[in-house]
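Number of protein chains: 2
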Amino acid sequence: MKRYGQVIKVRPGSEGKYKALHKDPWPEVNAMIKACNIQNYSIYMRDGYLYAYFEYVGDDYEADMAKMAADPVTQKWWAECMPCQEKVGSAGPDEWWADMEEVYHLD
Amino acid sequence: MKRYGQVIKVRPGSEGKYKALHKDPWPEVNAMIKACNIQNYSIYMRDGYLYAYFEYVGDDYEADMAKMAADPVTQKWWAECMPCQEKVGSAGPDEWWADMEEVYHLD
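In the order they appear, the protein sequences are chains U and E. Residue numbers for the first sequence follow my numbering, so the first one is 5 and each next one is one higher. Residue numbers for the second sequence follow my numbering, so the first one is 5 and each next one is one higher.
One or more of the hints may lead you astray.
Identical chains share a label here; the pair holds if one copy fits it or two copies do between them.
[As the list claims (entries may be wrong)] The calculated lysine-lysine pairs, modelled on DSS-like cross-linking and capped at a C-alpha distance of 27 Å, are:
#, residue 1, residue 2
1, K71, K6
2, K6, K21
3, K23, K91
In case anyone wonders, no lab produced these hints; they're calculated from the structure. This one's a predicted model, so the numbers in the text were calculated from it and none came from an experiment.
Whole structure, please, built from the sequences with the hints as guidance.
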């Protein structure tokens, strides 16, 4: 199992829409996330930022992320969510959510 | 079980010391964290911020936090760590790490 922490900005004024979407997420989107071997997935918000924590239990993260990105319902979900977000300034050209560095872990 | 997400700033120039401390945490500190009913505890760093995720499995969070704060070894550990940190601007007067709002969770 590999743990991920990621960060992205919430676009000013979109906090309410982002929260409403995630308070009632589409069942097909949640099912696809689990089918892509992600579990214990939380998103937090504070001060204009969104922070994600999740655990990947598969053995090919890139392939699972490609599978998720190819799912039509997930694409529609992202079309709702992505206008609510902005990449952090330090994100790479191919990053949306930006990976953070794990500096401590205690089981 | 209750999940927590928290944020604090790392003081500019202290990133290396903070990482070194947490790469080799004191066993007594880790043991006290677990004795205070915290598990699956990760800290991430990016862009001058530290993000914590942990799961609280006890039934009196305030009492457990008071127990941790009263532990002499933990106090020495915090005396090493706290100079590496700065509260976020929106933190309350009694906050150090600032609690974030959970906006999504998928088991």
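Which earlier hints turn out false for this structure, listed by number in ascending order? Per hint list: zero violations.
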